[in-house]
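Student: Residue-level listing of the chains:
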Amino acid sequence: MDNKRVVVTGLGIISPNSGIGKDSFSEAIFNGISGIKPISLFDTSAFKVHTAAEIQDFRAQEILGPEGLRVLDRSARLLCSATLLALQDAGIEIKEDNSRNIGLVAGNTLGSLKSICDFDKVAIKDGPQYVNPSLFPNTVINAQVSHACIRLNIKGFNATISTGFSASLDAINYALNFIKLGRKNIILAGGVEELCMETFLGFHKIGLLAGIKKGSVELSCPFDKRRNGIILGEGSCVLMLEDLESALERNAHIYAEIKGYGTCFEACRPGQHNLGAAGLKEAMQSALKKAKIKPQEIDYICSGANSTVNSDAMEAKCIKEVFADSFNSLQVSSLKSMIGESFSASGALQVAAAVLAIERQMIPPTINYEEKDESCDLSYVTQARACRVNNAIVNAFGLGSGNSSLIISRFFN
Amino acid sequence: MQDIESEVRNLIAEVLEKDPAEIKADMRLVEDLGMDSLKALEVLVAVEKKYKITIPEEKLPALNTLDATVAIAKEFLAKKEDNLSQP
Chain R
0 MDNKRVVVTG
10 LGIISPNSGI
20 GKDSFSEAIF
30 NGISGIKPIS
40 LFDTSAFKVH
50 TAAEIQDFRA
60 QEILGPEGLR
70 VLDRSARLLC
80 SATLLALQDA
90 GIEIKEDNSR
100 NIGLVAGNTL
110 GSLKSICDFD
120 KVAIKDGPQY
130 VNPSLFPNTV
140 INAQVSHACI
150 RLNIKGFNAT
160 ISTGFSASLD
170 AINYALNFIK
180 LGRKNIILAG
190 GVEELCMETF
200 LGFHKIGLLA
210 GIKKGSVELS
220 CPFDKRRNGI
230 ILGEGSCVLM
240 LEDLESALER
250 NAHIYAEIKG
260 YGTCFEACRP
270 GQHNLGAAGL
280 KEAMQSALKK
290 AKIKPQEIDY
300 ICSGANSTVN
310 SDAMEAKCIK
320 EVFADSFNSL
330 QVSSLKSMIG
340 ESFSASGALQ
350 VAAAVLAIER
360 QMIPPTINYE
370 EKDESCDLSY
380 VTQARACRVN
390 NAIVNAFGLG
400 SGNSSLIISR
410 FFN
Chain E
0 MQDIESEVRN
10 LIAEVLEKDP
20 AEIKADMRLV
30 EDLGMDSLKA
40 LEVLVAVEKK
50 YKITIPEEKL
60 PALNTLDATV
70 AIAKEFLAKK
80 EDNLSQP
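Here the protein sequences come in this chain order: R and E. Just so we're aligned: 214 in numbering that gives the first Met the number 0 is position 215 of the first sequence, and the numbers increase by one with no gaps anywhere. Just so we're aligned: 6 in numbering that gives the first Met the number 0 is position 7 of the second sequence, and the numbers increase by one with no gaps anywhere.
With the rest of the complex left out, here is chain R (with noise of 0.2 Å):
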């Protein structure tokens, strides 16, 4: 199973902090561009915080077309973009003759809520008579998946990750091991994520955005001294993943090669982060193993850490523990300074920036870090830095406790 190489021929990225495609997500990340402004897309006088990271002006009549988006939910619209973004990246278009051989994987785990509570809101206000019944299939959590495959007609399968902060590393795990086992050759994954004001009162109630306690910033500035909470972003990212020889044979641009994942889910209380560091630490540990690399190897840590006190530095001390040897001279970043935190989105824009960093051979910087803390004693990457990236680890974990780590590599054959 292990003898198959996966790699990325195409990306399709939709970011916050750059809009639509890898290009323009590259410029933004690798200048440390900002994706967090005020909320346009709903009244938020309710609330005590009003930033995020949101994908202003998005419409995806002007990737898709207009025909068929009308039932179509914003996660849907990203996902279904995405996709497209990424299979024109890669240079393949879906026929009938390849349309059974390619699938669709990503993650998503709050991408309907919008739906059902609209859907619910009707029923209530109108009477249950008049729900649209058009709408219904949008409420449940593959609804995203299964409408990209629908209008790219993608047949070789689609499926839903619902694992949390870390659902899109686990979609393209699970895409890696359809490869390798030889299912399928070419697999489109990533992940999707919405915002909207039912996911953003969640965050709100249960205290976990930035801002909301007195005195405190409203900042993503992971790591730094001040955080305090997230910025709630949204976003969808997916990548190409190929089999080597299914790549080199069309002669595919290939940008990096995947090389290991590894998780550990560690059954915490809900809301909840081991302190301990054992499960990503795990995580990390099993990733290297399985890439064959060891950590001094590694160039580039593509942080999940998205500004809340104890997650970034429950991150900072399994990467000192990981990396006992050689975290001194790591480069270390967290993209979610820029783009908040996506859930289970972020995951996949993650991979991507990692991707692009061995593309271009340069670290993106983690921004808005101006104050050391000391239960984050790491060097941190401020300034978007040239370097050599020969090996990067992405880490997506969260509340609960899942983790996942993902080693992605420069491509040598």
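Quick caveat, the hints were computed from the structure, so don't treat them as lab data. Predicted model only: the values in this text are computed from it and were never measured. Don't take every hint at face value.
[Unchecked claim] For each label pair, taking beta carbons as the anchor points, the in silico distance ranges come out as:
1. ARG58/R <-> ALA24/E: 32 to 40 Å
2. HIS49/R <-> PRO19/E: 34 to 42 Å
3. ALA61/E <-> ASP42/R: 26 to 34 Å
4. ASP42/R <-> ASP25/E: 44 to 52 Å
Just so it is clear, CB atoms sit at the ideal spot from N, CA and C, and this is done for glycine as well.
With chain R's structure known, arrange chain E on it following the hints.
Tutor: Relative to the frame of chain R, chain E by itself:
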């Protein structure tokens, strides 16, 4: 009554994502205009909601043209008005 025809045409056009002018009175919604079962149900619900009437779902196959849909809407609207006028 002209208004009902125009309103139902607009509802069907919206569901089918077509210009209302494309929806001719006797065109077959499935064969000529690409209606499917879910969209047909959506039209039925939209008509019910617009006029605050209840159309039994067994009538669904009969909503096969604009003319037929308008006729059914008028039939149930008349029943509703009859019911309202009864003491």
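Student: If a hint holds in the structure, say so; if it does not, say that too.
Tutor: How the hints compare with the structure:
Between ARG58/R and ALA24/E the beta carbons are some 35 Å apart, a value that agrees with the proposed interval 32 to 40 Å. With their beta carbons about 41 Å apart, HIS49/R and PRO19/E fall inside the hinted range of 34 to 42 Å. Here the CB-CB span from ALA61/E to ASP42/R is close to 43 Å, at odds with the stated 26 to 34 Å. Between ASP42/R and ASP25/E the C-beta distance comes to about 46 Å, which sits within the given range of 44 to 52 Å.
Going down the numbered hints, you'll see the structure goes against just number 3.
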